[in-house]
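Number of protein chains: 2
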Amino acid sequence: MAESENKSISELVKPIKEDPLSGAAELALQAIVIFQAVVADRQDEEPEKLRDLLRQTARELVSAQPAMAPIFHLANSVLLNIADAKTAADIIAICQKTLDDYEKQLCDSAAKIADQVYELIEPGGLVFAYSFSSTVVSALLNARSRGKYFRVVCTEARPNMEGRKLASRLASGGIEVIHTFDMAMGLALPNCCAAFMGCDCIARPGVVNKVGSWMVAVSCRELKVPLYALSGTEKFVGDDRLFEFEKHERPGQEVWGEAPKGVRMLNNQFDLVPFDLLTGLVTECGILTEADIEPYMTKYKVHEDLKLEPVLTVTD
Amino acid sequence: MAESENKSISELVKPIKEDPLSGAAELALQAIVIFQAVVADRQDEEPEKLRDLLRQTARELVSAQPAMAPIFHLANSVLLNIADAKTAADIIAICQKTLDDYEKQLCDSAAKIADQVYELIEPGGLVFAYSFSSTVVSALLNARSRGKYFRVVCTEARPNMEGRKLASRLASGGIEVIHTFDMAMGLALPNCCAAFMGCDCIARPGVVNKVGSWMVAVSCRELKVPLYALSGTEKFVGDDRLFEFEKHERPGQEVWGEAPKGVRMLNNQFDLVPFDLLTGLVTECGILTEADIEPYMTKYKVHEDLKLEPVLTVTD
Chain A
1 MAESENKSIS ELVKPIKEDP LSGAAELALQ AIVIFQAVVA DRQDEEPEKL RDLLRQTARE
61 LVSAQPAMAP IFHLANSVLL NIADAKTAAD IIAICQKTLD DYEKQLCDSA AKIADQVYEL
121 IEPGGLVFAY SFSSTVVSAL LNARSRGKYF RVVCTEARPN MEGRKLASRL ASGGIEVIHT
181 FDMAMGLALP NCCAAFMGCD CIARPGVVNK VGSWMVAVSC RELKVPLYAL SGTEKFVGDD
241 RLFEFEKHER PGQEVWGEAP KGVRMLNNQF DLVPFDLLTG LVTECGILTE ADIEPYMTKY
301 KVHEDLKLEP VLTVTD
Chain B
1 MAESENKSIS ELVKPIKEDP LSGAAELALQ AIVIFQAVVA DRQDEEPEKL RDLLRQTARE
61 LVSAQPAMAP IFHLANSVLL NIADAKTAAD IIAICQKTLD DYEKQLCDSA AKIADQVYEL
121 IEPGGLVFAY SFSSTVVSAL LNARSRGKYF RVVCTEARPN MEGRKLASRL ASGGIEVIHT
181 FDMAMGLALP NCCAAFMGCD CIARPGVVNK VGSWMVAVSC RELKVPLYAL SGTEKFVGDD
241 RLFEFEKHER PGQEVWGEAP KGVRMLNNQF DLVPFDLLTG LVTECGILTE ADIEPYMTKY
301 KVHEDLKLEP VLTVTD
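For the protein sequence lines, the chains are A and B, in the order given.
For the first sequence, the positions run 1 to 316 when the numbering used here is used.
For the second sequence, the positions run 1 to 316 when the numbering used here is used.
Please note that a few of the clues may not be correct.
Repeated chains share a single entry, so a pair holds when one copy, or any two copies, can fit it.
With a Cα cut of at most 30 Å, we get these calculated BS3-like pairs of lysine-lysine [said to hold, decoys possible]:
no. : residue 1 : residue 2
1   : K148      : K261
2   : K299      : K224
3   : K49       : K97
4   : K224      : K247
5   : K17       : K49
6   : K148      : K17
7   : K165      : K261
8   : K104      : K17
9   : K14       : K49
10  : K247      : K112
11  : K307      : K14
12  : K224      : K49
Calculated from the structure, these hints are not laboratory results.
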């Protein structure tokens, strides 16, 4: 593969790598567009060259957001499905069908989740939402558009303030929003009938989401506020992949640009909420608790290029 | 009292009212300087006029920071002590002695607290500190200067970032500091041997401190990290005065300058940590728990001008 093509894939993936504001489902939709751009007008490409480009794209996408399961599953499906295709036209057709199916699955899941969230919101109530999740936004806007009146409290989600993106989206959809800084949520939560968050990936130990989700969960339990993570089942991963999120540290300057000498910055992006701190996981298959998740933990095949421990191959 | 003198007292008090970065003990020291400025060169004043000026100063100081008990007790002591003084010179002398005694008490308390904190820090350990407290700073710097090596994790304390002031002071005193945003404390706390915070006032229900202290406390309990509030006993107030802090809301623009239409801002400054979430209250009289506090809750006399519900007087 030419150096320039490697570089152009990196350029395409860069906005996903550098986006601290969007949720996993939203970035998976952007990853679909990137795969489409990579195969566009490549009917006359050598099949092996095209497959290499897609493998390169898949690897870069997964390493750009290692905590985001929907991106991993999308990339993995593309690579597994095109593995045996013989011509460039076949590769493109199979890739496109995989992308279309995945996009439809994401949208169907969001709609089914929204219908269940509608039932969880008390009429006239106050609900809490943390960080930014397109699944949470669509669920709350759906409830409002179906005529349920409620208010939402949300907080900044430092350091990148994606809580402001949430507040803006909800307000522009006609929901009355109350906004405060993160540590003040303890003053607002006692008045909330429910709390919602998105998530990036799920495995047996719990759900991974924006840093601070663990504190949200501990506070909700203390105050007896039901806490739901909203997520399609495409976010389940093997337990081995769950802790990939720990690799994801962002620049310390995002937290404090001019920290004095002797002050070391930490800027981790995700943390883990154990299942016992969640009231339920609202999926397209219903509201799940820890006892329900085993069937979703079935072993899926992982393409060689996306395995966590690359297998050493002995060549002659 | 002349309009201009009322105004000049307001001007003197303004920096205390508008300071979101300093702790209660630190602002009480500044209040001492303000009282000194008010009585300076007033030997030839009418005694009643001088008393009026001090009453005005006391009222303005208390309403500038209604949660900060040391300011209330300082102002209350000055007014009670000068009540029967006959001449301006007497008023000034009594006022000055009250201020000197109070300053000495604050400094003695801080030193005795620091000596106890020294014993609570594990050699080589990591300790957590929240928000800004001069008592916490002096205790940690004292331990370092006595040769104990340890590191401190602290967080921003949005929206006014007084955690950065804490980080800077500790780092410049030779302590290695790790700094992150507030909601990331859940990732750092599991490695901490103890957590420390200051406080603004104390009564039977618990201690009042910077918003978020409640979440710090709930997280510490979940992770079994001992949490200590450091405070001289001058921070005890009657239960009636404890909730004065709820009056204290700061401008919403501090949280989000350009919030869109439909988004209402909340910017509360304090919250309450119930005693059962605290491991102990480190005072100049030892480490207290809920069972020990009753003797410190003795009824103190409150000057008429500083009573919460002004008594209606019937005049002929």
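Inset, instruction - At 30 Å max between alpha carbons, let me know whether K14 reaches K49 within a copy, between copies, both or neither. - result: within (22 Å within a copy, 70 Å between copies)
Legend entry - Alpha-carbon proximity between K104 and K17, which holds within one copy, between copies, both or neither at 30 Å: Answer is within: at 24 Å inside a copy they meet the 30 Å cutoff, but 56 Å across does not.
Legend entry - Homomeric proximity label, K165 with K261: Cα distance no greater than 30 Å: between (33 Å within a copy, 13 Å between copies)
Inset, instruction - Classify it for me, K148 with K17: is the Cα-Cα distance of at most 30 Å met within a copy, between copies, both or neither? - result: Answer is neither; intra-copy 37 Å and inter-copy 42 Å both fail.
Legend entry - Intra/inter-copy verdict for K17 and K49 if alpha-carbon distance must be at most 30 Å: Close inside one copy (24 Å), not across copies (68 Å); limit 30 Å.
Legend entry - Same-copy or cross-copy closeness of K224 to K247 [CA-CA at most 30 Å]: Between copies only: 26 Å across, 33 Å inside.
Inset, instruction - Give the relationship of K224 and K49 under a CA distance limit of 30 Å: within one copy only, between copies only, both, or neither. - result: Neither. Shortest intra-copy (56 Å) and inter-copy (56 Å) distances fail the 30 Å Cα cut-off.
Inset, instruction - Classify it for me, K148 with K261: is the Cα-Cα distance of at most 30 Å met within a copy, between copies, both or neither? - result: between (52 Å within a copy, 20 Å between copies)
Inset, instruction - At 30 Å max between alpha carbons, let me know whether K247 reaches K112 within a copy, between copies, both or neither. - result: Classified as neither; 32 Å inside a copy, 44 Å across copies.
Legend entry - Intra- versus inter-copy proximity for K14 and K307 (alpha-carbon distance at most 30 Å): within (22 Å within a copy, 62 Å between copies)
Legend entry - Homo-oligomer pair classification [K97, K49; C-alpha up to 30 Å]: within (20 Å within a copy, 87 Å between copies)
Inset, instruction - Could you figure out if K299 and K224 sit no more than 30 Å apart (CA to CA) within one copy, between two copies, both or neither? - result: Intra 35 Å, inter 36 Å, cutoff 30 Å: neither.
The structure fails to meet hints 2, 6, 10, 12 from the earlier list, while all remaining hints are met.
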